[in-house]
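J.: Please build the complex by placing chain Z on the supplied structure of chain R, with the hints as guidance.
Protein sequence lines, in the order shown, are assigned to chains R and Z.
Going by the numbering used here, 35 is the number at position 35 of the first sequence; the sequence numbering is gapless.
In the numbering used here, each number is its position in the second sequence, counted from 1, plus 1000.
Among these hints, one or two may not hold up.
Claimed, not checked - Have a look at the derived ranges for each label pair, beta carbon to beta carbon:
1) 1148(Z) to 178(R): 54 to 64 Å
2) 1218(Z) to 35(R): 55 to 65 Å
3) 1148(Z) to 61(R): 52 to 62 Å
4) 114(R) to 1136(Z): 52 to 62 Å
No lab work stands behind these hints: they were computed from the structure.
Everything numeric in this text was worked out from a predicted model, so none of it was measured.
Even for Gly, the Cβ is constructed at its ideal location relative to N, Cα and C.
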Amino acid sequence: MLRVDQVVSGYGPIDVLNHVTISLDKGEIVAVLGANGAGKTTLLRTITGLIRVRKGSVMFGDKALNGLSPAEVVKCGISHVPEGRHIFPDLTVEENLLLAAYSMPRSQQKGRLDAMYAMFDILAERRKQAGGTLSGGEQQMLALARGLMPNPRLMLLDEPSLGLAPKIIGTVFDTLARLRESGVSILLVEQNAKRSLELADRAYVLVTGQVALEGTARELKGNEMVKQLYLGGTR
Amino acid sequence: MSIDIFLNLTVRGLTTGAIYALVGMGIVLILQTTNVMNFAQGDTGMFITYLAFFMITTAKVPYSLVLILAIAAGAFVGLLVERFMMRSVRSRSHLSLIMLTLGLSLLFQGLAAFLFKTEPRLFPPLVSGDPIKLGPIILGRQDIVVLLAAIVTFGILYLFLYRTKQGAAARSISQDEYAARVLGIPTPSIYMLVWAIGSAMAGLAALLIVPRFSLEPSFMGLIQVKAFTAIVLGGMGSVFGAAVGGLIIGIVENLVAYQFPAIKDSFMLIVIVIVLLVMPQGLFGKRQQRRF
Chain R
1 MLRVDQVVSG YGPIDVLNHV TISLDKGEIV AVLGANGAGK TTLLRTITGL IRVRKGSVMF
61 GDKALNGLSP AEVVKCGISH VPEGRHIFPD LTVEENLLLA AYSMPRSQQK GRLDAMYAMF
121 DILAERRKQA GGTLSGGEQQ MLALARGLMP NPRLMLLDEP SLGLAPKIIG TVFDTLARLR
181 ESGVSILLVE QNAKRSLELA DRAYVLVTGQ VALEGTAREL KGNEMVKQLY LGGTR
Chain Z
1001 MSIDIFLNLT VRGLTTGAIY ALVGMGIVLI LQTTNVMNFA QGDTGMFITY LAFFMITTAK
1061 VPYSLVLILA IAAGAFVGLL VERFMMRSVR SRSHLSLIML TLGLSLLFQG LAAFLFKTEP
1121 RLFPPLVSGD PIKLGPIILG RQDIVVLLAA IVTFGILYLF LYRTKQGAAA RSISQDEYAA
1181 RVLGIPTPSI YMLVWAIGSA MAGLAALLIV PRFSLEPSFM GLIQVKAFTA IVLGGMGSVF
1241 GAAVGGLIIG IVENLVAYQF PAIKDSFMLI VIVIVLLVMP QGLFGKRQQR RF
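Isolated chain R, as found in the complex (with noise of 0.2 Å):
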């Protein structure tokens, strides 16, 4: 479904993709570990529109993403729920939401808008809260949620469990677990490796802007170099 072809890009004078090749099939939760800087963030940002792409393609079932704002990206199918979870504080949950699906019909928007609700309880109750007045948790969901709201075929995830107690951590990969039985895909960018790679199916590790391993989650977890740096050494 998704294909990044010997991708090449960066900022400024600088490439930080150097020819990555990933894909990822229809239903499937794939993992994209490495350390930072290795160009996991970056991997995103060049699928979204946010970052030209240099060199390669960049294709999505048959229609190449090359060079279209990231407004026509997310039209195409695609969500991207950026590191930080970067809620808009003074806005509502409720505005926080719409603005997701902004080229939404409104009649659609209405629909979707409970199905979120549904979904994720404490934003209901949050409705007409500014999003700088939630928890970090709260905001995480409301992060998912504004992912989910254009109702995407494949979300982008960027460290969803960053800076969140262990506790919401579970919550939140509970959530994901969820979103694989709606028929979502997803491509999820962690450091938490041993989760991601517990709930992905398949697995790439970047090292310096190139695929240095790929394979199934359960190859991945066994493999040597993975246990050793991410996993938290050897037994």
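T.: Only chain Z this time, still in chain R's reference frame:
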């Protein structure tokens, strides 16, 4: 000062203040959404007013139509400025964006002087007729029009910001532009819309105030300074604050002018300095809201 004089000065100050508020709200709207301080706000209005002047005197277009055409022309100028000046520089440097608006201000002044000459022209009053007496208060019809226009504009701006999705998008960009782009909000078209609305407000404000002065390329200069004072007083960050700031400045200025005519204009600069020193966040601003 008798109570009657005080009331009259206050109400008349209110109408001047309404103009400062209109100019100031336009500046804050653009500043908050696009993060650019538009130093050309006043002169955009001045240029539009020249167009309106020739529509009235040469083309004999009726006044009510001129008002609508002037607002439309302002919006169009705003669109052009965003699309062909701001957008291409936006990705490069923030400072150059601000310098660009200063340049734009000079461009409008130069263009007006070149095309329409610099000698002052008398702008025909918007409405004619005797002043209206409300108890002890005597109010010119022109002043009433100004007040009504300001109230209606404020209402429309409020509805735009809080009842439309474009308005919500503008507010979201002012809080977190990156997040707005990630969510797929078409930020370029929102910028363009906001520039159009802001510049239309500039045209309206200039057209409403010009009968009190004479039309010349520099007539909006001082008004823009007062509008900046209003923004600083209101706290930079809020359109509502700019409106209240403008009204306060208008009233205070009129009272000061009555007692000490000589310091009328310099008084406002003193206010800017004092506000910035004593309460830099203004009346309604948030403390320290840094975007750059």
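J.: All hints, please: hold or fail.
T.: Hints and how they fare:
no., hint, verdict
1, 1148(Z) to 178(R): 54 to 64 Å, "holds, 55 Å"
2, 1218(Z) to 35(R): 55 to 65 Å, "holds, 60 Å"
3, 1148(Z) to 61(R): 52 to 62 Å, "holds, 55 Å"
4, 114(R) to 1136(Z): 52 to 62 Å, "holds, 57 Å"
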